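Asks: Next come the chains, spelled out residue by residue.
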Amino acid sequence: MRFTRLHAGVLSTLLVPFASAQANEMNPDISVVLDGYYKQNATALSHRDEGFGLGHTELTLSAPIDDLFAGRLTAVLEEEHGETELVLEDAYLQTTGMPWNLSIRGGRFLSQVGYLNSRHMHEDDFVERPAAYRALLGSHYFDDGLRVNLLMPTPFYWQVGVEAFNGNQLTEGDEDIGVYTINTRFGGDISAAQSWQAGLSYLRNRQLHGEHEDDHDHGHDDDHGHGHAAAYTGENLYIADLVWKWSPNGNIRQQQLTLSGEYLYADELNEHAHSSDYHQGWYASAVYRFTPQWSVGARYGRVDLKEAHGDHFHDQQLKETDVMLAWSRSHFSTLRLQYTHQSAHDFDDADNTVTLQYVMTFGAHGTHDF
Amino acid sequence: MTSKPRALALAFGWLLAIASTQVSASLNVFACEPEWASLVAVLLPDAKITTATTAWQDPHYIEARPSLISAMRNADLAVCTGASLEAGWLPSLISRAANRHIKPGSDGLFFAADHTPLHQSHEHVDRSMGDVHPEGDPHLQLSPDAVPRITQALATRLSALAPDQSGIIQQRYLRWRGEWNLQRQTWRAAAEQLEGMIVVTQHSTFDYLLRWLNVAVVADLEPKPGLPPSSRHLRDVLATPLLSDAALILVASYQDDRPATWLANQSGVPKVVMPATVTGKPGQQSLQNIIGLLVDALLTHQAPRNVD
Numbered sequence: 015m016r017f018t019r020l021h022a023g024v025l026s027t028l029l030v031p032f033a034s035a036q037a038n039e040m041n042p043d044i045s046v047v048l049d050g051y052y053k054q055n056a057t058a059l060s061h062r063d064e065g066f067g068l069g070h071t072e073l074t075l076s077a078p079i080d081d082l083f084a085g086r087l088t089a090v091l092e093e094e095h096g097e098t099e100l101v102l103e104d105a106y107l108q109t110t111g112m113p114w115n116l117s118i119r120g121g122r123f124l125s126q127v128g129y130l131n132s133r134h135m136h137e138d139d140f141v142e143r144p145a146a147y148r149a150l151l152g153s154h155y156f157d158d159g160l161r162v163n164l165l166m167p168t169p170f171y172w173q174v175g176v177e178a179f180n181g182n183q184l185t186e187g188d189e190d191i192g193v194y195t196i197n198t199r200f201g202g203d204i205s206a207a208q209s210w211q212a213g214l215s216y217l218r219n220r221q222l223h224g225e226h227e228d229d230h231d232h233g234h235d236d237d238h239g240h241g242h243a244a245a246y247t248g249e250n251l252y253i254a255d256l257v258w259k260w261s262p263n264g265n266i267r268q269q270q271l272t273l274s275g276e277y278l279y280a281d282e283l284n285e286h287a288h289s290s291d292y293h294q295g296w297y298a299s300a301v302y303r304f305t306p307q308w309s310v311g312a313r314y315g316r317v318d319l320k321e322a323h324g325d326h327f328h329d330q331q332l333k334e335t336d337v338m339l340a341w342s343r344s345h346f347s348t349l350r351l352q353y354t355h356q357s358a359h360d361f362d363d364a365d366n367t368v369t370l371q372y373v374m375t376f377g378a379h380g381t382h383d384f
Numbered sequence: 308m309t310s311k312p313r314a315l316a317l318a319f320g321w322l323l324a325i326a327s328t329q330v331s332a333s334l335n336v337f338a339c340e341p342e343w344a345s346l347v348a349v350l351l352p353d354a355k356i357t358t359a360t361t362a363w364q365d366p367h368y369i370e371a372r373p374s375l376i377s378a379m380r381n382a383d384l385a386v387c388t389g390a391s392l393e394a395g396w397l398p399s400l401i402s403r404a405a406n407r408h409i410k411p412g413s414d415g416l417f418f419a420a421d422h423t424p425l426h427q428s429h430e431h432v433d434r435s436m437g438d439v440h441p442e443g444d445p446h447l448q449l450s451p452d453a454v455p456r457i458t459q460a461l462a463t464r465l466s467a468l469a470p471d472q473s474g475i476i477q478q479r480y481l482r483w484r485g486e487w488n489l490q491r492q493t494w495r496a497a498a499e500q501l502e503g504m505i506v507v508t509q510h511s512t513f514d515y516l517l518r519w520l521n522v523a524v525v526a527d528l529e530p531k532p533g534l535p536p537s538s539r540h541l542r543d544v545l546a547t548p549l550l551s552d553a554a555l556i557l558v559a560s561y562q563d564d565r566p567a568t569w570l571a572n573q574s575g576v577p578k579v580v581m582p583a584t585v586t587g588k589p590g591q592q593s594l595q596n597i598i599g600l601l602v603d604a605l606l607t608h609q610a611p612r613n614v615d
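Heads up: the protein sequence lines correspond to chains A and B, in order.
Take any residue in the first sequence, note its place counting from 1, add 14, and you have its number in the working numbering.
Take any residue in the second sequence, note its place counting from 1, add 307, and you have its number in the working numbering.
Careful: at least some of the hints might be erroneous.
Which chain A residues face chain B? A few, computed with CB under 10 Å, are given here [as the list claims (entries may be wrong)]:
1. Ala105
2. Thr109
3. His136
4. Asp139
5. Thr198
6. Arg199
7. Asp203
8. Trp210
9. Leu214
10. Tyr372
11. Phe376
12. His382
For the record, the hints were derived by calculation from the structure and aren't laboratory data.
Being a predicted model, the structure only gives us computed values, none of them experimental.
Each residue gets a CB set at the ideal place from its N, CA and C atoms; glycine is no exception.
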């Protein structure tokens, strides 16, 4: 009897250091995302193979570093075409003590262009990003660089930000600063029940200047050096995004309707491109969480692309409709059933598919971003 | 030639005007929940207060939306509950607002839960237990003992941030404390009457007050903290032998009342929906009002059953 009590005492002291879920004391916040799926058929421009597979398995550590800096590290394990890659998606420091609502981030991080790009994939409402994102940003564009954001001293929300990146995660090249971006966001509440946000972004890809273009004629085939490079690029990429959310009384616990859409346009595709040669894509999505545990959603998107063939381009087009039903037992677990319909011009692998996906998180509480 | 510099000067002047209005204004306070806004308003009535949530919103589930980032941007003080209640949205809000005065450990961020002992703190927590907070139950806004401690600490913090008004803040605190103590005596008298009363709740929203009033919670409509009531769990609650002794089913105004309605219909135990915090409506503007409403509701539901 005495022995067991002693035993329990030792155990509980051992457990104490692990008891706090938040990054107080000396422990960083640790969170893990498990993402797995079964996909019936292969689809065009997809980062998920058919059959059973693992999606975006993430391990994140984050904590304040001192009173002026915070840091975050996200390692992602991804499997694509039978190869497992370990990718660092975040490895950045962020200032927390700058004046004038300035914040500076340095290291590797997700670019803030568009609405979806700066979000981690496990927060998404559909199994994959819209086709326009997969084609033009490699689903999500992250890179090594520097960001400066400023919140303007206006009575409404207005953020202005610039980023400079190495650029090699988007297109391989020789420029020191291969990519820079400019982004601005506005937003507010229409009533207690409704909120909105709009954004405009510009991404300049400087790695695409004529002389660096190797003559890989059928540029977008599957043999890319790494899975994240965008298959379709242009020197200029413009993105406009709009999000509107509604909940009865603003109580998102019970119900939430989210409407979102983005438009992407890229030009100056290479030195042979004429003014009529550009990539263009958009999507519109509606997701309705009608009880705390169930949500339904539909998304339509299309992308019109130019595939480089030496000194000319071939037109490509992909139209995609997704319908999904998701169930979340708790805030930390989601099971999703999705049907995807693709119709395409000049994509051999376009198909319809059913995907069953789980996304589970454990560890530190994730954030509810707008 | 002259128009360009003039336009620039105009733009600059406009920016300056905005900047100066920010500086000359009184203390900007960001309150995560309306109960803390009501206390700040008592202690510093001329503060400009933005409240992030209402009595009809579950404070666990708020998004770091643009209007809140904007309000946090120029706040001098953020008053929140803490104990991980806002874990899903406050860190993101703080990070996006990039307001150097407001960050954990700084004077600009006040957590109510740091100034009073919490019930049900756990040494070991995992999510199979539901959304349990290791620090303890954060729903302390209706605790007759905790609120005065929090208000006292808040008065000290506000005095530090507005030293020119510290005298009047202390005076207002003492007046508030006197009124609270008076009310507390009537609640104490009610607690003696309510001793032995049994209720059904949803989540721990009212637990601090119920415990203080000697009212026992016989069942929770949530199968685990943070999980919505399931039909299977509701049938288990319906089968609880003590349910027939329960005086009422108490749910907060931000909670879905359909499970409670179902249980009320099945069991005959009345359902009562009450605000868990101040609402701004007449008679619901202070925490004393809300506690008074709850005490009255408990007393009225107790009386007829005793007569039976």
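Asks: With 10 Å as the cut and Cβ atoms as the points, is A/Tyr372 at the interface with chain B?
Replies: It is violated, given that the least Cβ distance between A/Tyr372 and chain B is near 15 Å, above 10 Å.
Asks: Going by Cβ atoms only, is A/Trp210 closer than 10 Å to chain B?
Replies: Nearest chain B Cβ about 8 Å off; hint holds.
Asks: Does A/His136 pass the interface hint, meaning its C-beta sits closer than 10 Å to a C-beta of chain B?
Replies: violated, 15 Å
Asks: Given a cut of 10 Å on the nearest C-beta pair, is the interface hint for A/His382 held or broken against chain B?
Replies: Holds: closest Cβ of chain B sits about 5 Å from A/His382, inside 10 Å.
Asks: Close enough to count: is the Cβ of A/Leu214 nearer than 10 Å to one in chain B?
Replies: Violated, because the Cβ-Cβ distance from A/Leu214 to chain B comes to roughly 15 Å (cut-off 10 Å).
Asks: Under 10 Å is the threshold here; is the Cβ of A/Ala105 close enough to any Cβ of chain B for the hint to stand?
Replies: violated, 17 Å
Asks: Hint check: is the beta carbon of A/Asp203 less than 10 Å from a beta carbon of chain B?
Replies: Holds - the Cβ of A/Asp203 comes within 10 Å of chain B, reaching about 4 Å at its closest.
Asks: Can you verify the interface hint for A/Thr198: is its Cβ closer than 10 Å to any Cβ in chain B?
Replies: violated, 12 Å
Asks: Hint A/Thr109 vs chain B: min CB-CB distance below 10 Å?
Replies: holds, 8 Å
Asks: Let's test the interface hint: is any C-beta of chain B closer than 10 Å to that of A/Asp139?
Replies: Since chain B brings no Cβ nearer than about 14 Å to A/Asp139, farther than 10 Å, the hint is violated.
Asks: Let me know if the C-beta of A/Arg199 comes in closer than 10 Å to any C-beta of chain B, holds or violated.
Replies: holds, 7 Å
Asks: Do the numbers back the hint for A/Phe376, that is, is its least Cβ distance to chain B under 10 Å?
Replies: This hint holds: A/Phe376 lies near chain B, its Cβ roughly 6 Å from the closest one there, short of 10 Å.
The earlier numbered hints that this structure contradicts are 1, 3, 4, 5, 9 and 10.
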